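Novice: Residue-level listing of the chains:
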Amino acid sequence: GNSVTQMEGPVTLSEEAFLTINCTYTATGYPSLFWYVQYPGEGLQLLLKATKADDKGSNKGFEATYRKETTSFHLEKGSVQVSDSAVYFCALKNSGGSNYKLTFGKGTLLTVNP
Amino acid sequence: NAGVTQTPKFQVLKTGQSMTLQCAQDMNHNSMYWYRQDPGMGLRLIYYSASEGTTDKGEVPNGYNVSRLNKREFSLRLESAAPSQTSVYFCASSDTSGPPPYEQYFGPGTRLTVT
Chain R
1 GNSVTQMEGP VTLSEEAFLT INCTYTATGY PSLFWYVQYP GEGLQLLLKA
51 TKADDKGSNK GFEATYRKET TSFHLEKGSV QVSDSAVYFC ALKNSGGSNY
101 KLTFGKGTLL TVNP
Chain B
1 NAGVTQTPKF QVLKTGQSMT LQCAQDMNHN SMYWYRQDPG MGLRLIYYSA
51 SEGTTDKGEV PNGYNVSRLN KREFSLRLES AAPSQTSVYF CASSDTSGPP
101 PYEQYFGPGT RLTVT
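Protein chains in written order, with this note's numbering: chain R, 1 to 114; chain B, 1 to 115.
No lab work stands behind these hints: they were computed from the structure. Quantities reported herein were computed from a predicted structural model and do not represent experimental measurements. Take these hints with a grain of salt, some might be off.
Quick list of in silico lysine-lysine cross-link-like pairs, DSS-like style, CA-CA up to 27 Å [as the list claims (entries may be wrong)]:
| no. | chain 1 | residue 1 | chain 2 | residue 2 |
| --- | --- | --- | --- | --- |
| 1 | R | K106 | B | K9 |
| 2 | R | K106 | R | K52 |
| 3 | R | K106 | B | K57 |
| 4 | R | K106 | R | K56 |
| 5 | R | K52 | R | K68 |
Just so you have them, the derived chain B footprint on chain R, three or more residues with Cβ under 8 Å [claimed, not checked]:
| no. | segment |
| --- | --- |
| 6 | 44 to 52 |
| 7 | 105 to 112 |
Virtual Cβ for every residue (Gly too), placed ideally from N, Cα, C.
If we strip away everything but chain R, and leave its shape as in the complex, we get (with noise of 0.2 Å):
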């Protein structure tokens, strides 16, 4: 079945600092992919997506690239912000079917600190 592997956390930075959380997947196919963000408190946001392989998402400064030869979809942002502060969600949707759920990995907690 599907899966979604993400790197554990909590992960600490100092403000401007890079960020990479690693993500990588197990599915048949072709998949969506997707990371969501969560501020506290709050539902989950869609942050990014993907279709198809080499594509690359991008918001908010935050980027992934949909690689197919290693299964993974990483995010990056170059300089990060406190208020980046929140839980980070890789996610898939496998192709074709009639179930259209999404397959998530079990969070990253980014803490940013001043």
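Guided by the hints, dock chain B onto chain R, whose structure is given.
Specialist: Below, chain B without anything else, positioned relative to chain R:
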């Protein structure tokens, strides 16, 4: 445009009590979902509804029932609450009537404690 709304925000139940969590979306989405979020477990799908009038089990359906009341509303019912159902519950919706990727939009969550 409120997106996905959930009520209540917080709830405390005693073991054996029942309750219904309400969810509504105003984006005209055809698919809706219920997840639970537990520490270290990520989100796990309880039930989903691909369209009005249909519902299907997800990964962890035991102890829950759902009703897709109309296109806008999708409720989750706990008939006899147990401490293992203490969790944060999220409702989500997506437009699956067109091409992928079918990103989901989430409500703010309901924090449920069962004592």
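Novice: Which earlier hints turn out false for this structure, listed by number in ascending order?
Specialist: none
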